[in-house]
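Colleague: Protein chains in written order, with numbering that gives the first Met the number 0: chain A, 0 to 376; chain B, 0 to 271.
If you're looking for bench data, these hints aren't it; they were derived computationally from the structure.
Errors might be hidden in some of the hints.
As the list claims (entries may be wrong) - Listed next, the stretches of chain B that the computed footprint assigns to chain A, with coverage defined by at least 3 CB atoms under 8 angstroms from CB atoms of chain A:
1) 36–48
2) 81–93
3) 143–155
4) 199–209
It should be emphasised that the depicted structure is a prediction, and the values quoted were computed from it without experimental measurement.
Where a beta carbon is used, it is the ideal one built from N, C-alpha and C, also for glycine.
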Amino acid sequence: MAKKVALLQGNEACAMGAVYAGAKFFGGYPITPSTEVAEVLSKELPKVGGKFIQMEDEIGAMASVIGASLTGAKSITATSGPGVSLKQELIGYACIAEVPCVIINVMRGGPSTGMPTGPGQSDVMQAMWGTHGDHAAIALVPNSCQEIFSETVRAFNLAEKYRMPVQVLFDEIVGHMRERIVFPEPGELEVIDREAPTEGPDTYKPYDATKGQVPPLASFGSGYKFHVTGLNKADDGFPTTKASLVDAEERRQIAKVMDNVADIESNEEYLTEDAEVIIWAYGSTSRSARYAVNELRSQGIKAGLFRPITLWPFPAKRTAQLAVQCKAIVVSEMNLGQMIYEVERVAKGNCVVAGEFRVDGEPINPGQIMKKVKEVI
Amino acid sequence: MAYDYEKSIRPGKLPHIWCPGCGHGIVMKGLIRAMDTCGLDRKNTAIVSGIGCASRLPGYLDACTLHTAHGRAAAFATGVKMAKPEMTVICCGGDGDGTAIGGNHFIHACRRNIDMTYVLMNNFIYGMTGGQFSPCTPTGAKASTTPYGNPDPIFDISKLAIGSGATFVARTTAAHPREIDRLIVQGIQHKGMAVIEVLDDCPTTYGRRNKFRSVVDMMKHLKANAVPIKAAAKMTAEQLEGKFLTGVLFQDTEKPEYCEMYAEVIKKAQGA
C-alpha cells in the first residue's frame, strides 16, 4: 500500500508528529509563529481521546502540561520566544520534579516582542540556560518538515525516557514552509512510553536512585500516592535541606543526560571527511549552508557541513574532532553569535572559528555564508 | 471517641511548619474530616497547592499531592483534572498565592467551572516571606512593606470567585471549625468549581503588627465579625459595616462543568 503523503507546514508536521508519538494532552496559549501547532492539535487530539486546552496564559499552559503529565498523559505545549521566557520557571520545575513534557519553540526575532512574523534563532542559549538553577537540557533543532515530524516523536521519546522537559526549536522559516511529508506507518518510528514502577505503592519512591539514573515515575490516579514538589527533595519526594541528599539529587539529574549523550545526540554531516572549512549550522540556516557547500566545492574549495539535530546537550566531542581536522569552522546562525561560544569553547584554538550572523528578520542566504568562508581560508 | 486524623496523615511528616496559633492546622483538620465524610479514595485524590505557608498543607496528607510553583496551583490542577477527570481534585493555598501571583489562573479556573474544590486560606498577609501585604491585607493595616499603613484596596475573594464564574462559593473562618468541613464537603460534592474561602489568622506576621495581643484576640475578631448569610439578610448596611458574610454565598447547579463540556468535544471529534 502506498504511504500516506501530504503537503504540510512545519508547524502542522509538528502537531502530527505529536499525535504519532501518542500525545494525549496539549496546553497552550496563542502566539505567532507557533499557533498552527495548537490549531491542528485542537482538531486532532480529541479524535484520539486526547485533551486540548487553551489556557489563560503561557505560564498556565506550562503548568497544565506538567499537571497532565503527572497523570501519565504524554503532554506538549507550543509557543515562541516570549512564551518560552514566561514558561522558564516551570521548565525548571519539570526539571527538578522530573516530569516528562515537550515544549515546542517556533523561534522568531527578539528580544521582547521583537519581530513576531520574522524568523530567528536567538533562543538557542535560552533553551539551555533559560531557567534558573543548575540543570541539564535536551533541545532538538530540525531543519525540514519531515524532520520536524520525526524529531517531535523523538522529543517525546527522550522526555519519557529521561523523565524531563525536552524542547524542540525551529525557526519561523521551517515552521511556516510547506514540504511534502511521508507519514510513517505505525511502528515505523520508535515510540517510547514511560517506564512504570515495578514495586507496589507501599514501597514506591519517586526519586529512588537505586532504581537507576532515571527512577520510574508512577501516575497520579493509578494506585500510587506520592508527593511532587519543586523544592529540593529526598528520594521519597519530600523536601530536604540535607546537603548530601541535595547534592546527590542535583548531580543525578544532570548525569542522567550527560552520561547518555551518545543516546541523545544526533547530527548530520555533509562532505566533512576532507573538508578544510566546515560550516556549523542548524535549522533553516543549515539548508543555506548545504547549498553553499555545493557551490564552494564547485569552485574548488573543500567545504563541509556539520549540522546538529540535537543542539543540547552540545555536540562537544564531534565538534572538537572537527576542529582538529579542519582549518576553520564557520558558525552561521540567525542571532548575533550564540552557539559560536560553545564551538569556540570546544575548538580550543585548534582551528579558526568565525561567525556569520543575521538578525534583521531575513534568512541567511548561501552567498552570505560563501563570502565568509572565502574570508577565512 | 476522638476523631482519628492519623490515618489521613503521612507518617513521619509532622510536626508541621506552621507557627503556634496559626489557623492553617484547623483548616487541614477540617479538610481531612471533609475528605473522610465524602468517602474520598485518597489514591484517586489530587491535592494541589502553590507556594506559601498554606501551600505546605498537601505534603502532610496521604494522597496524590502536588506542591507546585508560586501561584500556579489552579493551572496545574486544571491539567490534572482535564487529563484524568475521574480524579477528585482539591486545591489549597493562601491569599497572596491564589489572588496575586496566581490570580489569573484562579479566575479562569472559576470561569471554566472545572470540577475542583479550592480551599483558599485568607490570612490577610504573605506569611512565609515575613509579613508583606497581600491583595487581602485590609486597607490601613500594617505589614512589613506598609510601614505607614496599607494604601491598597482589597480583593473580596468570594465576590471575585462569584464574578469569575465559580458555581459554589462559600466563606467561613478558622474560628468556625465545624463549618469548615461542612462547607468543604459541599464543595467536593458540588460538580464544578467550588471555592471555600477560610478567613484565617497569622499571629506571627499579621497579628502582632496590627494590635492583636494574642491568638485568642484574633480568633475573637474572626468570630465577632462573621455574619451568617441568613442573618445578614435581616441586618442594615450600617450593621454590616466591617463584617464578613459566612456560609454558602452562591451556588449554581445549572452551568455545565468543563470536563463534561470537553467530553462533548471528544464525541463530536470522533463523529458520534
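Colleague: If a hint holds in the structure, say so; if it does not, say that too.
Modeller: Hint check:
no.	hint	verdict
1	36–48	holds (count 5)
2	81–93	holds (count 5)
3	143–155	violated (count 0)
4	199–209	violated (count 0)
Consistency with the previously given hints fails for numbers 3 and 4, ordered from lowest to highest.
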